[in-house]
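As given, the protein sequences belong to chains A and B, one line each in that order. Residue 59 in the working numbering sits at position 59 of the first sequence; the count goes up by one each step and never skips. Offset between the second sequence (1-based) and the working numbering: plus 1000.
Rather than coming from a laboratory, the hints here were simulated on the basis of the structure. Where hints are given, some of them may not hold.
Said to hold, decoys possible - For lysine to aspartate or glutamate, the following EDC-like pairs were computed, each having C-alpha atoms within a straight-line distance of at most 16 Å:
#1 B:LYS1050 <-> B:GLU1182
#2 B:LYS1225 <-> B:ASP1417
#3 A:LYS127 <-> A:GLU114
#4 A:LYS110 <-> A:ASP146
#5 B:LYS1206 <-> A:ASP27
#6 B:LYS1297 <-> B:GLU1406
#7 B:LYS1252 <-> A:GLU42
#8 B:LYS1135 <-> A:ASP161
#9 B:LYS1310 <-> B:GLU1296
#10 B:LYS1276 <-> B:GLU1251
#11 A:LYS127 <-> B:ASP1232
#12 B:LYS1206 <-> B:GLU1228
#13 B:LYS1187 <-> A:GLU69
#14 A:LYS19 <-> B:GLU1142
#15 B:LYS1331 <-> A:GLU102
#16 B:LYS1331 <-> A:GLU149
#17 B:LYS1369 <-> B:ASP1306
#18 B:LYS1188 <-> A:ASP146
#19 B:LYS1033 <-> B:GLU1228
#20 B:LYS1050 <-> B:GLU1279
#21 B:LYS1033 <-> B:ASP1160
#22 A:LYS86 <-> A:ASP27
#23 A:LYS145 <-> B:GLU1162
#24 A:LYS145 <-> A:GLU69
#25 B:LYS1188 <-> B:GLU1296
#26 A:LYS19 <-> B:GLU1162
As the list claims (entries may be wrong) - Only part of the chain B face toward chain A is listed, based on derived beta-carbon distances under 8 Å:
#27 ARG1127
#28 ILE1274
#29 PRO1294
#30 GLU1296
#31 HIS1341
#32 GLY1419
#33 CYS1420
Please read these numbers as outputs of a predicted model, since none were measured by experiment. Don't be surprised by glycine CBs; every beta carbon is placed ideally from N, CA and C.
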Amino acid sequence: MSAASQGMIQGDVQSRIDKWVARYPSDQPQSAVMAALRIVQEANGGQLTTALMDEVADYLGMTPIAVYEVATFYSMYEHQPVGRHKLCVCTNISCMLRGSDELLDYMKQKLDVEVGQVTADGKFSIKTVECLGACGGAPMMMLGKDYYENLDEKRVDEILDGLE
Amino acid sequence: MLPLNECCYRLNHLDTPWDIETYIENGGYQIWKQVLAGELSPQEIIDEIKTSNIRGRGGAGFPTGLKWSFMNRAAPGPKYILCNSDEGEPGTFKDRDILRYNPHQLVEGMMIAGYTIGATAGYNYIRGEFWEPYKRFHNAIEQAREAGLLGENILGSGYDFELHAHLGAGAYICGEETALIESLEGKKGQPRFKPPFPASYGAWGKPTTVNNTETLASIPVILAKGGEWFRDLGVENAGGTKCYAVSGHVEKPGNFEVRMGTPFKDLLEAAGGIWKGRELKAVIPGGASTAVLPGEKALAMNMDYDSIAKSGSFLGAGSVIIMDDHTDMVKACERLSWFYHEESCGQCTPCREGTGWMYRVIHRIRQGKGRPEDIELLRNVGGKIMGKVICGLGDAAATPVSSFLEHFEHEFRHYIDHGCSIFDRQ
Ligand SMILES: Cc1cc2nc3c(=O)[nH]c(=O)nc-3n(C[C@H](O)[C@H](O)[C@H](O)COP(=O)(O)O)c2cc1C
Ligand code: SF4
Ligand code: FES
Chain A
1 MSAASQGMIQ GDVQSRIDKW VARYPSDQPQ SAVMAALRIV QEANGGQLTT
51 ALMDEVADYL GMTPIAVYEV ATFYSMYEHQ PVGRHKLCVC TNISCMLRGS
101 DELLDYMKQK LDVEVGQVTA DGKFSIKTVE CLGACGGAPM MMLGKDYYEN
151 LDEKRVDEIL DGLE
Chain B
1001 MLPLNECCYR LNHLDTPWDI ETYIENGGYQ IWKQVLAGEL SPQEIIDEIK
1051 TSNIRGRGGA GFPTGLKWSF MNRAAPGPKY ILCNSDEGEP GTFKDRDILR
1101 YNPHQLVEGM MIAGYTIGAT AGYNYIRGEF WEPYKRFHNA IEQAREAGLL
1151 GENILGSGYD FELHAHLGAG AYICGEETAL IESLEGKKGQ PRFKPPFPAS
1201 YGAWGKPTTV NNTETLASIP VILAKGGEWF RDLGVENAGG TKCYAVSGHV
1251 EKPGNFEVRM GTPFKDLLEA AGGIWKGREL KAVIPGGAST AVLPGEKALA
1301 MNMDYDSIAK SGSFLGAGSV IIMDDHTDMV KACERLSWFY HEESCGQCTP
1351 CREGTGWMYR VIHRIRQGKG RPEDIELLRN VGGKIMGKVI CGLGDAAATP
1401 VSSFLEHFEH EFRHYIDHGC SIFDRQ
């Protein structure tokens, strides 16, 4: 919480992180690290950087390595560029049984992009994910913070064509 | 008619079941008020929960009343009740609907549980992707706080209790209770070696009880209607209702809260039967970590612990994955192996290396490059993980492979002998 840190953690970002810190025992600010990483990642266009992780470490009184460990362990943190819209397509068993592989192929073709890559205009990236706990709506994907379920090609067209 | 939605999903049919007014109109927070008024002692609560015969809904089926009795209520210092809403087992989506449609019942259940074990605070660990469910739960906490049901000196009782949500960030292993605790502490989610158990050394080193979302959300209804009522809904070895998440090749996938012991075929019928008029081939009855069963065995079983165990599998989290007769079982097995390989936390060598090895062998079989000895190799690797690792993920990874081989070995052999699936013509 040094006054010198003139980076991402100030203003709204800072107050959001502080609210998370307040949820945990007063001597355990580290418990807010997952929330802090999510918040700075969002504020940085969906991607973490070493500078951001260091800032989080400094702010929460952690060693940088402890923050890197967390930031690389969990799948929702990104260390490579992502599109403005990150399409997280579930390919686990229940989605697979209802056609997620074919749907994924369709999306790759439609957007002309491979899994893990960003479209040339920076608009989209595709990521395959493990079961998102919505198998009753398979096949499904997460886009931003929202789930889109019972997908087929037509529905995917509607969703993707409607995005800015 | 199959009785549906008698406990956790009892408000699902209402317009705004997540609002505190709806919950209170439907009997909500009555038990919590009785508890605060001193009308129900911790011992009475534990006795009632024991009578109800409820077993933990997170997958292991441990009796809840017994678990709560392990906590030393009188011990000084902070203690915690943690709710496990990590819900990452493939095929599982039952807790999501409790969070979305009945968050207050979970809040009340967590407060009652907290009071019973002498907790000073509770945390609900919600998987990071569950933003909408998280919002619903968080709003429920805020509403309960505004109504004076949570916080300091609640309703003048002299009892303080705090409740918060914690959001994960994508890691199946954090559903394992000690990994969950590590993650709550702001670390990598790597399971702890047990003992010590959470009841003596849990979150931030303090005594802690971890229960599943469905377990905790059932508590207010059990206490309102009585342990005997709940017990009698179920079967001898497990009381109550159970939320089954039915997915895969059915006409109407979804969550069905039915009574323990409901015949599998009735559940299948409730889910609209097999889609496209096809035949049932196989069922994974309890989530990806439980053994796959051939359709005929599943059709003869009931949905309770003993009956499913007799059929050769496990009730697990009650996540019923249905596969029709067009399913390539090697492909299904390959996908599950990939999952465990991806999600192994990497601490134990047999799990870290073995899950990758099993995946690579099944993958090469699927590529048409399998060798006759691969079947034995797979069995061997699985056997080297089971029972030799820190947490249940290792065993969970070996189970699909061994059970797919047990019942569908011929499909693996077909790939090895012909380089393609039983559905492909050469
Ligand atoms: C790899 C692994 C993943 C697990 N995932 C979950 C989960 O997502 N939700 C859950 O409630 N329990 C999960 N469990 C079981 C928990 O460790 C724990 O037994 C459970 O939360 C206890 O609650 P209960 O007694 O109410 O069932 C998992 C266990 C293992 C080994
Ligand atoms: S069994 Fe696997 S997931 Fe569990 S602690 Fe060991 S390496 Fe981690
Ligand atoms: S398998 Fe796709 S959401 Fe569960």
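Hint check:
Distance hint between LYS1050 (chain B) and GLU1182 (chain B) is unfulfilled; the C-alpha atoms sit about 29 Å from each other, more than 16 Å. Of the supplied pair hints, the one linking LYS1225 (chain B) and ASP1417 (chain B) is violated, its CA atoms being roughly 59 Å apart against a limit of 16 Å. Restraint check for LYS127 (chain A) and GLU114 (chain A): satisfied, since their Cα atoms lie roughly 9 Å apart, inside the 16 Å limit. Under the criterion of a C-alpha separation no larger than 16 Å, the hint pairing LYS110 (chain A) with ASP146 (chain A) is inconsistent with the structure, at around 21 Å.
For the suggested pair LYS1206 (chain B) and ASP27 (chain A), the alpha carbons sit about 14 Å apart, so the restraint of at most 16 Å is met. For the given pair, LYS1297 (chain B) sits about 13 Å from GLU1406 (chain B) by alpha-carbon distance, which is consistent with the 16 Å threshold. Taking the CA atoms of LYS1252 (chain B) and GLU42 (chain A), the gap is about 36 Å. The hint is violated against a cut of 16 Å. Annotation: proposed proximity of LYS1135 (chain B) to ASP161 (chain A) is violated, straight-line Cα distance about 28 Å (limit 16 Å).
Between LYS1310 (chain B) and GLU1296 (chain B), the direct Cα distance comes to roughly 14 Å. Compliance with the 16 Å bound is thereby established for this hinted pair. About 8 Å separates the Cα atoms of LYS1276 (chain B) and GLU1251 (chain B), which keeps this hinted pair within 16 Å; it holds. At roughly 47 Å between alpha-carbon atoms, LYS127 (chain A) and ASP1232 (chain B) are farther apart than 16 Å, so this suggested pair is violated. Between LYS1206 (chain B) and GLU1228 (chain B) the alpha-carbon distance is near 33 Å, which puts this suggested pair outside the 16 Å criterion.
A distance of roughly 8 Å separates the Cα atoms of LYS1187 (chain B) and GLU69 (chain A); the hinted pair therefore holds under the 16 Å criterion. Among the hinted pairs, LYS19 (chain A) with GLU1142 (chain B) is consistent with the structure: their alpha-carbon atoms are about 14 Å apart, no more than 16 Å. Our distance criterion of 16 Å between C-alpha atoms is met by LYS1331 (chain B) and GLU102 (chain A), whose separation comes to about 14 Å. For a cut-off of 16 Å, the pair hint linking LYS1331 (chain B) to GLU149 (chain A) is broken: about 23 Å separates their Cα positions.
For the given pair, LYS1369 (chain B) sits about 40 Å from ASP1306 (chain B) by alpha-carbon distance, which is inconsistent with the 16 Å threshold. Proposed proximity of LYS1188 (chain B) and ASP146 (chain A) is contradicted: the alpha carbons are some 25 Å apart, above 16 Å. For a cut-off of 16 Å, the pair hint linking LYS1033 (chain B) to GLU1228 (chain B) is broken: about 22 Å separates their Cα positions. For the hint pairing LYS1050 (chain B) with GLU1279 (chain B), the CA-to-CA distance comes to about 41 Å; that exceeds 16 Å, so the pair is violated.
About 14 Å separates the Cα atoms of LYS1033 (chain B) and ASP1160 (chain B), which keeps this hinted pair within 16 Å; it holds. The straight-line distance between the Cα atoms of LYS86 (chain A) and ASP27 (chain A) is roughly 36 Å, outside the 16 Å bound, and the hint therefore fails. Pair hint LYS145 (chain A) plus GLU1162 (chain B) does not hold up; C-alpha atoms about 27 Å apart against a cutoff of 16 Å. For the hint linking LYS145 (chain A) to GLU69 (chain A), the alpha-carbon distance of about 24 Å lies beyond 16 Å, and the restraint is violated.
Using a Cα cut-off of 16 Å, the hinted pair LYS1188 (chain B) and GLU1296 (chain B) is violated, with the two alpha carbons roughly 42 Å apart. For the hint linking LYS19 (chain A) to GLU1162 (chain B), the alpha-carbon distance of about 15 Å falls within 16 Å, and the restraint holds. With its C-beta approaching chain A no nearer than about 7 Å, ARG1127 (chain B) sits inside the 8 Å limit, and its interface hint holds. At about 12 Å, the closest approach between the beta carbon of ILE1274 (chain B) and any beta carbon in chain A exceeds 8 Å, and the interface hint on this residue is violated.
For PRO1294 (chain B), the interface hint is violated, the least distance from its beta-carbon to any beta-carbon of chain A being 16 Å, above 8 Å. Hint status for GLU1296 (chain B): violated, given a least beta-carbon distance of 20 Å to chain A, over 8 Å. A distance limit of 8 Å between C-beta atoms decides the matter here; for HIS1341 (chain B) the minimum to chain A is near 11 Å, and the interface restraint is violated. Given hint, GLY1419 (chain B) at the interface with chain A, is violated; its Cβ is 20 Å from that chain's nearest Cβ, farther than 8 Å.
The closest approach between the C-beta of CYS1420 (chain B) and any C-beta of chain A is roughly 17 Å, which is over the 8 Å cut-off, so the hint fails.
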